[in-house]
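Place chains B, C, D, E, F, G, H, I and J with the ligands on chain A using the hints.
Residue numbers (the UniProt record's numbering), protein chains in the order written: chain A, 1 to 141; chain B, 1 to 141; chain C, 1 to 141; chain D, 1 to 141; chain E, 1 to 141; chain F, 1 to 141; chain G, 1 to 141; chain H, 1 to 141; chain I, 1 to 141; chain J, 1 to 141.
Treat the hints as calculated values from the structure; they're not laboratory data.
With a straight-line Cα cutoff of 20 Å, these simulated EDC-like cross-link-like pairs (lysine to aspartate or glutamate) come out:
id, chain 1, residue 1, chain 2, residue 2
1, E, 125, B, 81
2, F, 125, I, 81
3, B, 125, C, 81
4, A, 125, B, 81
5, E, 125, F, 81
6, A, 125, F, 81
7, C, 125, H, 81
8, F, 125, A, 81
9, C, 125, H, 84
10, I, 125, G, 84
11, H, 125, J, 84
12, G, 125, D, 81
13, G, 125, G, 80
14, G, 125, G, 44
15, C, 125, D, 81
16, E, 125, E, 44
Facing chain F, from chain I, some residues (calculated, C-beta under 8 Å):
id, residue
17, 53
18, 54
19, 84
None of the values given here were measured: they were computed from a predicted structure.
Ideal placement from N, C-alpha and C gives every residue a C-beta, glycine not left out.
There are 10 protein chains.
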Amino acid sequence: MLVRLMYVSRAVPALDPEELQAILRASRAQNPALGITGVLCYSDGIFVQVLEGGRSAVNRLYARIVGDPRHTEVEILVYEEIAERRFAGWSMGQVSVARLNPALLLKYSETATLDPYAVSGQVSKALFDELVATAAIVGQS
Amino acid sequence: MLVRLMYVSRAVPALDPEELQAILRASRAQNPALGITGVLCYSDGIFVQVLEGGRSAVNRLYARIVGDPRHTEVEILVYEEIAERRFAGWSMGQVSVARLNPALLLKYSETATLDPYAVSGQVSKALFDELVATAAIVGQS
Amino acid sequence: MLVRLMYVSRAVPALDPEELQAILRASRAQNPALGITGVLCYSDGIFVQVLEGGRSAVNRLYARIVGDPRHTEVEILVYEEIAERRFAGWSMGQVSVARLNPALLLKYSETATLDPYAVSGQVSKALFDELVATAAIVGQS
Amino acid sequence: MLVRLMYVSRAVPALDPEELQAILRASRAQNPALGITGVLCYSDGIFVQVLEGGRSAVNRLYARIVGDPRHTEVEILVYEEIAERRFAGWSMGQVSVARLNPALLLKYSETATLDPYAVSGQVSKALFDELVATAAIVGQS
Amino acid sequence: MLVRLMYVSRAVPALDPEELQAILRASRAQNPALGITGVLCYSDGIFVQVLEGGRSAVNRLYARIVGDPRHTEVEILVYEEIAERRFAGWSMGQVSVARLNPALLLKYSETATLDPYAVSGQVSKALFDELVATAAIVGQS
Amino acid sequence: MLVRLMYVSRAVPALDPEELQAILRASRAQNPALGITGVLCYSDGIFVQVLEGGRSAVNRLYARIVGDPRHTEVEILVYEEIAERRFAGWSMGQVSVARLNPALLLKYSETATLDPYAVSGQVSKALFDELVATAAIVGQS
Amino acid sequence: MLVRLMYVSRAVPALDPEELQAILRASRAQNPALGITGVLCYSDGIFVQVLEGGRSAVNRLYARIVGDPRHTEVEILVYEEIAERRFAGWSMGQVSVARLNPALLLKYSETATLDPYAVSGQVSKALFDELVATAAIVGQS
Amino acid sequence: MLVRLMYVSRAVPALDPEELQAILRASRAQNPALGITGVLCYSDGIFVQVLEGGRSAVNRLYARIVGDPRHTEVEILVYEEIAERRFAGWSMGQVSVARLNPALLLKYSETATLDPYAVSGQVSKALFDELVATAAIVGQS
Amino acid sequence: MLVRLMYVSRAVPALDPEELQAILRASRAQNPALGITGVLCYSDGIFVQVLEGGRSAVNRLYARIVGDPRHTEVEILVYEEIAERRFAGWSMGQVSVARLNPALLLKYSETATLDPYAVSGQVSKALFDELVATAAIVGQS
Amino acid sequence: MLVRLMYVSRAVPALDPEELQAILRASRAQNPALGITGVLCYSDGIFVQVLEGGRSAVNRLYARIVGDPRHTEVEILVYEEIAERRFAGWSMGQVSVARLNPALLLKYSETATLDPYAVSGQVSKALFDELVATAAIVGQS
Ligand SMILES: Cc1cc2nc3c(=O)[nH]c(=O)nc-3n(C[C@H](O)[C@H](O)[C@H](O)COP(=O)(O)O)c2cc1C
Ligand SMILES: Cc1cc2nc3c(=O)[nH]c(=O)nc-3n(C[C@H](O)[C@H](O)[C@H](O)COP(=O)(O)O)c2cc1C
Ligand SMILES: Cc1cc2nc3c(=O)[nH]c(=O)nc-3n(C[C@H](O)[C@H](O)[C@H](O)COP(=O)(O)O)c2cc1C
Ligand SMILES: Cc1cc2nc3c(=O)[nH]c(=O)nc-3n(C[C@H](O)[C@H](O)[C@H](O)COP(=O)(O)O)c2cc1C
Ligand SMILES: Cc1cc2nc3c(=O)[nH]c(=O)nc-3n(C[C@H](O)[C@H](O)[C@H](O)COP(=O)(O)O)c2cc1C
Ligand SMILES: Cc1cc2nc3c(=O)[nH]c(=O)nc-3n(C[C@H](O)[C@H](O)[C@H](O)COP(=O)(O)O)c2cc1C
Ligand SMILES: Cc1cc2nc3c(=O)[nH]c(=O)nc-3n(C[C@H](O)[C@H](O)[C@H](O)COP(=O)(O)O)c2cc1C
Ligand SMILES: Cc1cc2nc3c(=O)[nH]c(=O)nc-3n(C[C@H](O)[C@H](O)[C@H](O)COP(=O)(O)O)c2cc1C
Ligand SMILES: Cc1cc2nc3c(=O)[nH]c(=O)nc-3n(C[C@H](O)[C@H](O)[C@H](O)COP(=O)(O)O)c2cc1C
Ligand SMILES: Cc1cc2nc3c(=O)[nH]c(=O)nc-3n(C[C@H](O)[C@H](O)[C@H](O)COP(=O)(O)O)c2cc1C
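The shape of chain A in the complex, shown without the other chains (with noise of 0.2 Å):
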């Protein structure tokens, strides 16, 4: 049974590059050998992340993210049943976002402001699809 899991959480305000950069080469490290797939993405001080493999891979693991003191309020998105998955082809994908496009922003939200607490997560999806149709995605997969 597959499943996709996308959340959303604060990163601690202390959060350097370098933390975001261990958080990478953990999940690279760890993810194949559970079956897990996906991407993150980090901007000003919210990750999203999308995981996709089987539903008890992606539960045990979502309980331990759920749990790293590295970020807080951790919100899920999005989780469904899936038949196929999106991101076969990344162990964990970064999505490389210097700077949020306002408009893209406002086409989903109230305000220029990246906050997917504040809306459905179909939307939170609609604006992620559109992130990474256009941002490129990095890493070794």
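This is chains B, C, D, E, F, G, H, I and J with the ligands only, laid out in the frame that chain A set:
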């Protein structure tokens, strides 16, 4: 919660081009802080405006506009909750219409005059969409 | 409220080409003021006309046409409220058909003759649409 | 080919009850031979009539009715090809309405007066159906 | 053209029961002439009102209501063109709610308090419909 | 934004009836303030719980529950944004199942044992719904 | 492969009641061996028959019937592959119609006479179904 | 009323190429006057023919064809009322098939032989359509 | 993964009632441990059996049944993944059919004999469902 | 009646490349006479085969294959009646897969291994279709 509000109104007889510019200037100065975007169309003494933004912001602004003495008979044509904006890139675009094409008007109306008061909101929206698709939108975004 | 009315009728035997031109001249002179547009097709002694416009205007005109002694057996084929006109650009276009293509007639009828009286309004409309798509429409708009 | 035609018209001011009876008498005398059935409703100086029958028969009768000097502003509300009649049992039933219920009128109109000229054919049909469902139909069938 | 407009607003703190009665009296005195019907619900300092009628009439009245100093934060929840009214029988009915049932509030909201500002118009409408179905509507119609 | 979250977990072997009552007591004490409602079912060492409430509240509570040492293998079965709750009347109802009916289990599973880990979330939901429909829900609401 | 075939034909003028009985006797004697079932209706010199059975059997029988000199103008109204028969219990039932109800005929036709030649197969089928539902079917099955 | 009739039959063993030409000549001579169009396909001793035209004309012709001693086991595959013909341009086209492609036959049948008797009418129609799309149609139209 | 498998087979000529009982006894003894449920119908030398259970279990059992020398021509009629079983309460119910009703057989077949080999799986399923609905199912569950 | 049957099985450990060729040779020798077509895929000790043909022929062949000692755990993934074959051109094509692409496997499975036993028939079919679309099919047709 994003909404789109489209209304029609009649400019007071005395309205001169300079006042139209003043309205646009004020809109462009104030809308960004409210997270409001949209376009304004003026032709033959009739305003049609589309406002997009958070529900509270749009309602607050509409309450001010409804009381503005520069126009009368303000009537809502379309009001809907939306998943994404159509005019995310314009704090207030101006649809410049020198003279409306009679065949375009006839296509949606009984006679070749612009009269959103006489038709349903959906018809006005269709006419407006066709207008926007063929006219230029101007203004600093 | 816009409507479209399509009817069929038989010209009186005596009708000559000049009278056909007179009908078209009268239509083009009077329809613009009524906000009426449409096309008229004449072939083999049979008229098929499409009238588009405000509901009252179309009905008023139709009442006059029904009583016109230059044709008989006037029968409505299609009458529908519409959101937009199809012939917004023609006060009364003339579909010029020298001789109807037999295969086109056969496609929609039992024999290769034009007989809207024998088929449903929808079939006449389909035949007429195909005719308009391939024939020229003439007349000052 | 069966059709249903529903129209509205205004009785001339001078119309008295006896003339209404004359119209009904004539209808019941002539419709059976034409295969025409239907109902006629008169209220507040307004006629709404439904005619059902063969397409030619209905059009021939309608051409006569449109020219009848006892009413004006005859306007077709609904015209449709049908698979089966609704009023097969009435050569011309009379929907007797002493005084229309204001709440019923308000339900479908802007004000509590009967004005089929101001609304779409579908709305008139809905109002008429509700009327027929609650009123008595009288007349020898 | 009939429309339905449903809005929410906050009564000013000072509003006393007598003033609520004054609003209802005024509404019942003035709405019939405007062809406006509807219901008003007041609970916990919050108004929810449904207005039904001709598009111009409803907009004209709403412009007056929006400027009424007895309430603030007037926000449109639902605005739609309708084929038939729901409250044709009430010039302005009063939905009397002594104390709202907490389970009913919880069914549609995050907490057991009435907060139409926090949810979509459709959700407010569903809550309101269930309220109307179970509460009494009072007032001379 | 209301969500519904349904998960399965395995009680630790040592769990005794008193501890189950402690969980229910704690839930009923704390959920009302969070605006959370739902039901908890315990059978054969397996928990299935449905939580309904605001998205943040449900996620915050789920993060606590996932780390609770009294159960393991916590796995989300269903997570969906909802327009209305199903268990608005229960701060935490207890579905009391003395012994599950084997035919009910077989209806949805390969063998007559309760194993939500082996089937899709939708199947678990169907089984759970049938269970709730036939079992009693107990507990102070 | 089961099919249903419904046709209309005109009895030759000379057909007397005894001959009708002969046809029914022959049908009931021969159809069971062919696996054919159905009903036969005779009224006003017109036959309408429904035959159900294997595709080859029905076609073989129809070829014989089409050449039978006791009727002319045999015309197929409906021919369809079916998953199940409608008249499985009748080797050939007789729909006994003393005199057809004029309102039933009018409901589906332009005039109160039975004329399946003038209408589409679907309309004949609807009329026939209503007839069967109200008339008695007789004959040894 | 236009119909399409498609049937299959077996040529009598003795049928020689000249007789096939005679059938086609007769068809092309007689069909135009009947308003009948279509195509005839002959292969491996099997005829498949499509006839399109007025319902009476097609049935009259089919009654003659069914009794023609040059073929046997005539079985209708498809019979349907149509809004427009597919072969309006051919009084009787000949689909010339030297030798049928085995893969095309296998695609729709259990073995690589042409056997419309063994499959449903819809399958024969699909095979026939694919055949027509790839083969040439010959004959004076 | 639950599946349902329905097949038909011919009992070998020599099969006597005692052997049928032996098959049922064996099934009831072995199916519960495999989590398999279903019904078996025997009539006129033909078996139709429905097996429901886990996909592996059903396939393993079917491989054994296919090789059982007590029947031949074992042919799968329906095989589908299911969300819920239909015969959860029967380890192997026996549909007791003294003599099949001819009208029921005719309803779905060309002749009044039971021949699932001649019709599609869906038709057999429909016939079987109607049979089960009217016959008794016996056997210890 | 055409059917498609897709199954999975495990080759016995001892299976060598020569034996695979023997199976393919036997299939290509025998399938044409049975009207059977399809493809066979072998990878990592797992067979997936698609068989298309008449229902009896496919079932007879499958009964033989299920008992073949060169593989075990034969499990049907998909069985459906079809209107047309997909592999009409191959008596038994061989899908040659040197090494399966891990991303393709991951797209449909929890881990990057081929395991049709763990997923639904529809998922296996999707994976297989994508495989066929990208791999070469070889073998004399
Ligand atoms: C935003 C965020 C995303 C993370 N994503 C993953 C991930 O995809 N895979 C992973 O193994 N750990 C991920 N982690 C790290 C886990 O929370 C946890 O630190 C890690 O799994 C611990 O593994 P370890 O205890 O084996 O070192 C993530 C952490 C954060 C804050
Ligand atoms: C047709 C029309 C359109 C208007 N559109 C806007 C607008 O988009 N944004 C805005 O701030 N004011 C708009 N206004 C002006 C407002 O009615 C009002 O004058 C302005 O918001 C007053 O702002 P101030 O009191 O802060 O100067 C519009 C006025 C008219 C007549
Ligand atoms: C086939 C046919 C089509 C006609 N179409 C129109 C028309 O589109 N507009 C129009 O004004 N008159 C049309 N007429 C003419 C009217 O019947 C009528 O003669 C004319 O409106 C009279 O106008 P008048 O009394 O003002 O001269 C048509 C007549 C015929 C026979
Ligand atoms: C509102 C209205 C409805 C009428 N309905 C019918 C009708 O259903 N059938 C009919 O024959 N005449 C009807 N008439 C009368 C016709 O207009 C016309 O007077 C009548 O058919 C004349 O017939 P006669 O010339 O044969 O006397 C109606 C008239 C009016 C004003
Ligand atoms: C919550 C609320 C609802 C109201 N509803 C109505 C109404 O339905 N009809 C109405 O005429 N006035 C209504 N009013 C009052 C109007 O705002 C306004 O006071 C009134 O129309 C003024 O009329 P007057 O100036 O003619 O006295 C309402 C006011 C409030 C605060
Ligand atoms: C199966 C299970 C279900 C639970 N459900 C709830 C619940 O609905 N609400 C709640 O507050 N705690 C629930 N708990 C308990 C929490 O995990 C946690 O112990 C509790 O919220 C701690 O609260 P405290 O730290 O304030 O005492 C549940 C625990 C388990 C094992
Ligand atoms: C209207 C009509 C319906 C008929 N229906 C049947 C029928 O259902 N079955 C049948 O065997 N013959 C039917 N017949 C008779 C056949 O046309 C034909 O006479 C009969 O099958 C001859 O059989 P025989 O040559 O074996 O006597 C019908 C004839 C007519 C005129
Ligand atoms: C397979 C086949 C197809 C036929 N198609 C037609 C046809 O399309 N039109 C036609 O008039 N005759 C067709 N015929 C011939 C008729 O059966 C019949 O011989 C012919 O209509 C006799 O006409 P006649 O008596 O006027 O000579 C066909 C015959 C066969 C065997
Ligand atoms: C028509 C038919 C249906 C059968 N159904 C079942 C069944 O549902 N379960 C079962 O265990 N055996 C069934 N059998 C018997 C098996 O084919 C086989 O004989 C049995 O499973 C052998 O089990 P054993 O070798 O353990 O005795 C059936 C046999 C026939 C002929
Ligand atoms: C994976 C697999 C696929 C097979 N596919 C076919 C096939 O498509 N056609 C076939 O005739 N035999 C196939 N066989 C072989 C049959 O199981 C069986 O050996 C063969 O039909 C025996 O035929 P024979 O007894 O006539 O030699 C297959 C065997 C295996 C293991």
